[in-house]
Amino acid sequence: MSSASSDMTVVDGSDGTLNELPLLKRERIWGFWDYSSVNIGLAIATWAFLQGGAVAYYVGAKNAIITTVIGYGISALLVSLAPCLPSSRYGIEQFVSLRSVFGGNGARVLMITMSALLAAAWSSVLAIMFGHAIANVSNELFGTNIGDGRSVVSFLALGAIVLSWGILAWGPVSIEWVNKIVAPALVIVTIGMLALVFAHLSWSDLSSKAPLGPHHDSYTNFMLALELNIAGGFAWWPNVGNLARLTRSTRAAFWPNILGLFLASVVAAIVGAFAALALASEDPTLWMVPLGGAFMGVIALLFVGFANITSIVAQGYGSMIALKGGGGRLLRRVPWVVLAAAILAPAAVVVFFPATVYDNYGRFVSWGAIFLAPLCGVQITDFFVLRRQRLALRDLYLPDEESCYGFWGGYNPAAFIAIAAGALIYALLLDPVSYEPSSVFKYVTASAPAFVVAAALHFLLTLVFVRRFGKGGYDTKPAAQTLESPDVGGGVPLPVD
Amino acid sequence: MDDYSFEAELENRLRLLEKPDSEEKVLKPLPVLDLYIAFGGFILMTAAMLLWGFCL
Numbered sequence: 000m001s002s003a004s005s006d007m008t009v010v011d012g013s014d015g016t017l018n019e020l021p022l023l024k025r026e027r028i029w030g031f032w033d034y035s036s037v038n039i040g041l042a043i044a045t046w047a048f049l050q051g052g053a054v055a056y057y058v059g060a061k062n063a064i065i066t067t068v069i070g071y072g073i074s075a076l077l078v079s080l081a082p083c084l085p086s087s088r089y090g091i092e093q094f095v096s097l098r099s100v101f102g103g104n105g106a107r108v109l110m111i112t113m114s115a116l117l118a119a120a121w122s123s124v125l126a127i128m129f130g131h132a133i134a135n136v137s138n139e140l141f142g143t144n145i146g147d148g149r150s151v152v153s154f155l156a157l158g159a160i161v162l163s164w165g166i167l168a169w170g171p172v173s174i175e176w177v178n179k180i181v182a183p184a185l186v187i188v189t190i191g192m193l194a195l196v197f198a199h200l201s202w203s204d205l206s207s208k209a210p211l212g213p214h215h216d217s218y219t220n221f222m223l224a225l226e227l228n229i230a231g232g233f234a235w236w237p238n239v240g241n242l243a244r245l246t247r248s249t250r251a252a253f254w255p256n257i258l259g260l261f262l263a264s265v266v267a268a269i270v271g272a273f274a275a276l277a278l279a280s281e282d283p284t285l286w287m288v289p290l291g292g293a294f295m296g297v298i299a300l301l302f303v304g305f306a307n308i309t310s311i312v313a314q315g316y317g318s319m320i321a322l323k324g325g326g327g328r329l330l331r332r333v334p335w336v337v338l339a340a341a342i343l344a345p346a347a348v349v350v351f352f353p354a355t356v357y358d359n360y361g362r363f364v365s366w367g368a369i370f371l372a373p374l375c376g377v378q379i380t381d382f383f384v385l386r387r388q389r390l391a392l393r394d395l396y397l398p399d400e401e402s403c404y405g406f407w408g409g410y411n412p413a414a415f416i417a418i419a420a421g422a423l424i425y426a427l428l429l430d431p432v433s434y435e436p437s438s439v440f441k442y443v444t445a446s447a448p449a450f451v452v453a454a455a456l457h458f459l460l461t462l463v464f465v466r467r468f469g470k471g472g473y474d475t476k477p478a479a480q481t482l483e484s485p486d487v488g489g490g491v492p493l494p495v496d
Numbered sequence: 000m001d002d003y004s005f006e007a008e009l010e011n012r013l014r015l016l017e018k019p020d021s022e023e024k025v026l027k028p029l030p031v032l033d034l035y036i037a038f039g040g041f042i043l044m045t046a047a048m049l050l051w052g053f054c055l
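Chains as they are written, first to last, in numbering that gives the first Met the number 0: chain A, 0 to 496; chain B, 0 to 55.
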């Protein structure tokens, strides 16, 4: 029993980091640099190369830098506010924090849907990338021609999924692997790629390279690349809240995202864009051998291939923690091995349709942003504007009929309507199926208006509808609130550290 | 962890966090100054990028 909890008994074997319990002081293990290293480790993953390759499809080197910096800047900043700060301030699992926005049942529906869909989608993208990498290694070493045989790549991807399941079933070792071995090595690969690009090309050569498949209008190309990067940043939403939860201060939960989600992602994506432009290919698994030669290229390719496995494991682990934590009694009882299989099973199917995700990375990121951008807008408005960073901690865990966050039957229709409106705006501005932009898109992007519309609508509906019916605990604020004032959790004063 | 243990542990933790003289506390909100710095820095960076891209 820790000194922090010496005045009450803590049940043996309980570990708040593996379930939805609010964390105690002893369980908040990360300061600024700890969280920064984890954050940077996750940011410099193989998906950053895919992102860079997708950006190079629309813009050249200079605009790749500009759109990546601005795009990631927007979304990394917003994602750093929510879900990171609610989870960090109260030490709560990030889908538990969503109960104050969507109601208990609403948050559960979101959690199960998002964990299942996003884990399936990202795992399949990374597994297919693994398949491509191993196929290219085989082609280089044994003279095979696997690249044209889609089914071979799909079976290799399936092997990656099975291997990932084995690692996940064995135990939660993923994030440590990523940070201690894979992340530093990927930093070396990234720096090596940058050096090799500039060994072959000068800046003027590189900046004169044409985009790989641009739209006819250069301004629309710029905005499509910007949109890709905003969407790429929003894709971090499902992963970062539960990491920020482990930090010891809200500053330590906020600023490391700027180093990791923003700076490290930007550097890796820009290097990816440079390599894609230099080699006229979006596929990162086709860059290594031409850049590094047969020997170094195959080693780098093998490494990048297997780095995808650790990324799948990290992604799957995050989803499993979310499901275990926020899934209530039913999912708490499901054995870890079975849950790992359930999380990865959809990806095992999707890998047989590589064109759906890997070959259309931009659209795939867009499918995430169509929902995540409005979600982020609603959560930021709810937590920062409507609740002034205050949650009723106990009510987050009460049954819906007793909790001030029960809304109507455990659902907050205002938040869902706002999300739907934001998603609709997104789809009207940028068709998520054809990826064809509307005429207005080139002035506003799609993610940014989706975020703003959802945020504004949630604010208005809450004021004129939810609050008027006395739902959601919005009326339990103290008379005078500032961001610095002591916390009041729905009428129950909570001590502030 | 069975349901009973979970509920007991949850109640323990909530009582600790609600108790004024406990060492267990929720964290302070992020200072507003940090938000100003973050958003100000982002605006400056965006302006610099656009200047480089379209004017230089």
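For the record, the hints were derived by calculation from the structure and aren't laboratory data.
Do not take every clue at face value.
[Stated by the list, open to error] Listed next, the in silico DSBU-like pairs over lysine-lysine satisfying Cα-Cα at most 30 Å (straight line): (1) A:441 x A:61; (2) B:24 x A:208; (3) A:179 x A:24; (4) A:24 x B:18; (5) B:24 x A:441; (6) B:24 x A:470; (7) A:208 x A:61; (8) B:27 x A:61; (9) B:27 x A:323; (10) A:470 x A:323; (11) A:323 x B:24; (12) B:27 x A:470; (13) A:179 x B:18.
[Claimed, not checked] Just so you have them, the derived chain B footprint on chain A, three or more residues with Cβ under 8 Å: (14) 48-61; (15) 269-281; (16) 411-424.
Treat the numbers as computed from the prediction; the structure is a model and nothing was measured.
C-beta atoms are modelled at their ideal positions from N, C-alpha and C, and glycine is treated no differently.
Comparing the hints with the structure gives:
1. Annotation: proposed proximity of residue 441 of chain A to residue 61 of chain A holds, straight-line Cα distance about 19 Å (limit 30 Å).
2. Proposed proximity of residue 24 of chain B and residue 208 of chain A is contradicted: the alpha carbons are some 55 Å apart, above 30 Å.
3. Distance check on the hinted pair: residue 179 of chain A and residue 24 of chain A sit about 25 Å apart at the alpha-carbon level, within 30 Å; holds.
4. At roughly 14 Å between alpha-carbon atoms, residue 24 of chain A and residue 18 of chain B fall within 30 Å of each other, so this suggested pair holds.
5. Of the supplied pair hints, the one linking residue 24 of chain B and residue 441 of chain A is violated, its CA atoms being roughly 47 Å apart against a limit of 30 Å.
6. Distance restraint check for residue 24 of chain B and residue 470 of chain A: the Cα-Cα separation of roughly 27 Å lies within the 30 Å cut-off, and the hinted pair is therefore satisfied.
7. For the hint pairing residue 208 of chain A with residue 61 of chain A, the CA-to-CA distance comes to about 10 Å; that is within 30 Å, so the pair holds.
8. At most 30 Å may separate the alpha-carbon atoms for a hinted pair to count; residue 27 of chain B and residue 61 of chain A exceed this at roughly 41 Å.
9. Taking the CA atoms of residue 27 of chain B and residue 323 of chain A, the gap is near 28 Å; set against the 30 Å cutoff, the hint holds.
10. In summary, the hint linking residue 470 of chain A to residue 323 of chain A is supported, as the alpha carbons are separated by about 28 Å, within the 30 Å threshold.
11. For a cut-off of 30 Å, the pair hint linking residue 323 of chain A to residue 24 of chain B stands: about 25 Å separates their Cα positions.
12. At roughly 26 Å between alpha-carbon atoms, residue 27 of chain B and residue 470 of chain A fall within 30 Å of each other, so this suggested pair holds.
13. For a cut-off of 30 Å, the pair hint linking residue 179 of chain A to residue 18 of chain B is broken: about 39 Å separates their Cα positions.
14. Given as covered by chain B, the region 48-61 of chain A fails the check, having 1 residues with a CB less than 8 Å from a CB of that chain where 3 are the minimum.
15. With 0 residues bearing a CB less than 8 Å from a CB of chain B, the region 269-281 of chain A misses the requirement of three and the coverage assertion fails.
16. Note: the region 411-424 of chain A has 0 residues with beta-carbon separation from chain B under 8 Å; the three-residue rule is not met and the coverage is violated.
Consistency note: the structure conflicts with the earlier hints numbered 2, 5, 8, 13, 14, 15, 16.
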